[in-house]
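A.B. asks: Chain residues, written in single-letter form:
Number of protein chains: 2
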Amino acid sequence: MEELTDFIESNRERFIKDLIRLCEKPSVSAQNLGIEECVETLVDMMSEVGVKTHLKRLEGANPVVIGEVNSKGVEHTIGFYNHYDVQPVDPLDLWASPPFKPEVRNGKIYGRGVSDNKGNIVARLKAVEAVSEVLGKVPVNIRFLIEGEEEIGSIHLPRYVKENMDLLRAEGYFWEGDGVDEKDRPIVTLGAKGILTVELTAIGPSRDAHSSWAPLLPNPAWRLVWALATIKGEDERIKIPGWYDDVKEPSEEEVKLLEEIPFDEDAEKKRFGIQRYLGGVSGVESRKKLYYGTTCNICGFDSGYKGPGMKTVLPSIAKVKLDFRLVEAQNPDKLYESLVNYLKAEGFGDIKVEKLGGYEAAKTSPSDPFVKLVVGKLEEVYGVKPVVIPTTAGTTPIYLIKNWMNTPVVSGGGVGYPESNIHSPNENIRVEDFIRSIKFYARFIASYAERP
Amino acid sequence: MEELTDFIESNRERFIKDLIRLCEKPSVSAQNLGIEECVETLVDMMSEVGVKTHLKRLEGANPVVIGEVNSKGVEHTIGFYNHYDVQPVDPLDLWASPPFKPEVRNGKIYGRGVSDNKGNIVARLKAVEAVSEVLGKVPVNIRFLIEGEEEIGSIHLPRYVKENMDLLRAEGYFWEGDGVDEKDRPIVTLGAKGILTVELTAIGPSRDAHSSWAPLLPNPAWRLVWALATIKGEDERIKIPGWYDDVKEPSEEEVKLLEEIPFDEDAEKKRFGIQRYLGGVSGVESRKKLYYGTTCNICGFDSGYKGPGMKTVLPSIAKVKLDFRLVEAQNPDKLYESLVNYLKAEGFGDIKVEKLGGYEAAKTSPSDPFVKLVVGKLEEVYGVKPVVIPTTAGTTPIYLIKNWMNTPVVSGGGVGYPESNIHSPNENIRVEDFIRSIKFYARFIASYAERP
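Listed in order, the protein sequences are those of chains A and B.
Going by the numbering used here, the letters in the first sequence line up with residues 1 to 452, in that order.
Going by the numbering used here, the letters in the second sequence line up with residues 1 to 452, in that order.
Since the list gives no way to pick one copy over another, a pair counts as held whenever it fits inside one copy or between any two copies.
Keeping only pairs whose Cα atoms sit at most 25 Å apart, straight-line, the calculated BS3-like set for lysine-lysine is:
{"id": "1", "residue 1": "311", "residue 2": "334"}
{"id": "2", "residue 1": "319", "residue 2": "269"}
{"id": "3", "residue 1": "137", "residue 2": "52"}
{"id": "4", "residue 1": "239", "residue 2": "289"}
{"id": "5", "residue 1": "319", "residue 2": "352"}
{"id": "6", "residue 1": "352", "residue 2": "306"}
{"id": "7", "residue 1": "306", "residue 2": "319"}
{"id": "8", "residue 1": "248", "residue 2": "355"}
{"id": "9", "residue 1": "270", "residue 2": "319"}
{"id": "10", "residue 1": "289", "residue 2": "311"}
{"id": "11", "residue 1": "270", "residue 2": "311"}
{"id": "12", "residue 1": "352", "residue 2": "270"}
{"id": "13", "residue 1": "288", "residue 2": "372"}
{"id": "14", "residue 1": "355", "residue 2": "311"}
In case anyone wonders, no lab produced these hints; they're calculated from the structure.
All chains, please: the whole structure from these sequences, using the hints.
C.D. replies: Next up, the structure:
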């Protein structure tokens with residue numbers, strides 16, 4: 001293992017240069033900026049460390065790069081999921097250095113994508129290189145699944161996965177990567193909520209009317225208000241029949257993990273300027289709600305006059321965007337149907353319900369052997385017990401691997417830290433976190449040499 | 001009376017020129033454009049026909065011009081309410097000729113304000129001139145109340161009226177003017193609804209949060225949805241206790257007038273692209289609802305993300321603009337208090353309720369002697385029975401005269417017609433309507449010579 005460490009240490013400058021090389025290619029999916037150039041560089045960098053690449057293209061979609069490392073006589077296979085696309089950079093004037101000219105300052109590497117998610121791609125590739133150079137072979141087969149639409153909702157990932165499932169099979173997958181918490185403890189996350197996003201549209205008169213017509217003309221904003229109040233009451237409970245039928249409560253083991261999760265309730269309340277959480281929950285109850293609670297959230301309500309002062313208008317249209325966070329084993333397609341049918345049954349058949357997107361929830365058991373393996377190796381490399389988060393409050397498409405391919409998925413060992421500013425100006429990682437991440441993945445890969 | 005007609009006919013070109021002269025002064029109150037220049041011209045034009053003017057100024061308000069015609073030995077006094085301010089002109093590119101360079105084309109005068117409301121001001125002034133010239137004196141005292149903020153809600157008119165009530169007293173007032181309907185019948189309106197406008201604001205987290213926080217953070221859009229559903233149900237009935245206590249049903253006489261009002265239900269439905277009115281009403285029932293129904297209308301709902309696609313955000317703020325149309329004798333101040341108290345009582349004390357404006361409803365009885373006088377003279381001049389509308393679906397501040405000064409108010413004899421395009425590009429009046437309006441007001445004024 002010392003040789004691995006030595007190799008990585010003696011190549012740090014070159015590894016950082018390669019990270020910069022990949023981050024110099026913009027690849028902003030939301031703005032369709034520099035995708036192909038980034039993919040070209042990525043494929044080159046994968047080939048350079050001995051990863052065989054398959055470039056997969058669906059029409060109208062950003063390509064997915066699938067990578068393969070196959071070694072003779074090797075039985076085990078692990079997978080790495082990453083994305084090469086990044087968030088837009090605005091507001092540009094808040095960046096201390098140009099987002100696509102990454103630079104190292106005070107032990108940190110600044111640039112769009114260095115943390116989310118190119119730093120993790122490069123760390124994993126360099127780990128493969130290190131193991132290959134030091135051991136003379138890679139003792140585990142590896143699959144890379146690197147998409148280019150994560151920041152715009154992984155729109156085509158389900159089809160890419162469905163069509164390439166054979167190529168992607170592995171016994172365990174690493175997701176994006178995460179990093180360390182404020183106490184420098186490595187974070188491991190094992191699950192994500194599902195989501196169903198919809199837009200409700202109500203139509204009133206064919207043109208905005210003077211509000212003196214209100215006694216006779218249906219007001220679409222009112223239609224949505226009543227429809228929404230029918231969907232969820234003040235008790236925050238969704239009234240759609242059967243909505244909670246497939247909800248699985250957290251296991252005892254999961255609840256125990258929740259108790260150990262770092263969650264500074266007072267700091268979070270302060271950050272959001274609120275006095276109390278919904279329902280007055282606190283402590284482990286608030287974490288349980290955050291990580292295991294289903295939601296129906298209004299993301300936006302748009303109707304009529306929104307300027308200063310008053311305009312007495314009866315709007316011709318009203319729109320609401322909703323997101324429902326789902327937990328295991330709620331199915332977004334099934335629930336979308338329930339929502340449509342419920343609104344019809346409640347007399348709101350006039351309201352158009354458009355499905356914008358849907359992910360299943362997915363969770364890997366904390367007692368899964370692959371999880372144990374990852375957690376053990378993290379503790380070994382980082383010298384501290386990892387924080388295991390059984391599921392997150394947000395949503396990632398891990399269900400494609402976990403549910404569709406029945407394969408455990410773990411996120412951990414990544415390059416991030418709490419001040420990484422992902423999605424924000426001055427995105428950065430600490431150089432030492434980058435190097436440590438390479439070491440972790442290298443040692444994890446190398447550990448298969450010692451396995452039967 | 002023939003001499004009056006002859007005088008008016010032989011001066012038509014000069015009268016049109018004077019209308020153009022007043023309309024050349026922009027006086028857009030919403031944009032604070034050309035107010036003083038217009039007032040100066042107006043005062044000149046009033047003086048030129050023998051009206052004594054008082055320029056009243058409140059700080060931060062557009063001036064009100066009060067005019068007086070007093071004749072010796074004359075007992076009766078009538079009043080004219082008008083406004084010299086006009087609507088903004090945009091979209092400018094839809095005007096066939098410049099809005100502030102009025103021109104005559106095909107028997108019509110085009111320009112911003114020619115109908116609303118400068119045409120009526122000039123018609124009334126020219127009527128005074130005609131009577132004065134032809135009879136040698138004006139046989140009735142006259143009061144002019146001409147404000148400059150009608151198009152922005154007559155913000156300061158209540159104070160102007162309160163402070164100048166002695167100067168304004170009369171036994172009957174003409175309001176803005178109206179005009180003729182599509183069958184060339186003069187329209188007389190006798191009342192207007194009241195209004196209460198409010199803005200509701202709900203506050204959530206101090207910054208927009210990622211929607212994964214929805215299990216714990218209060219969503220202000222949801223707060224408003226629930227509050228609104230508490231204010232009005234799907235049956236369109238306002239649930240606030242006592243809301244309908246002061247509602248007065250239309251009298252038999254008023255209902256009879258409703259039956260005669262021109263109201264092309266099918267054409268109106270087509271115009272708004274709807275199949276049926278709220279509650280499925282039709283015929284006289286729909287008119288009754290339109291003119292005598294109270295409302296709670298959502299003018300605008302603004303919260304969170306309103307762009308294309310999806311953004312999973314939990315908004316930090318939500319705002320709703322409401323207008324309540326009121327009928328006799330509902331009081332906007334009292335009802336505002338009811339609304340605030342009701343929301344508090346229903347558990348929505350967190351929602352800020354800001355009053356944006358309020359008018360009382362007001363109605364003059366169709367059997368009022370002043371109404372009879374106006375209707376009779378209109379029939380005489382127009383040669384057809386006028387259409388009497390007991391109250392309108394909209395709101396004008398006639399309560400200041402009708403309720404505060406206990407004086408009948410009638411709108412009628414004005415220069416407008418259904419294609420006048422008020423508030424729109426190519427505002428216009430027909431030259432013949434302008435001349436006929438002068439004749440009507442002249443004969444109405446002259447008729448006092450024959451009264452005891």
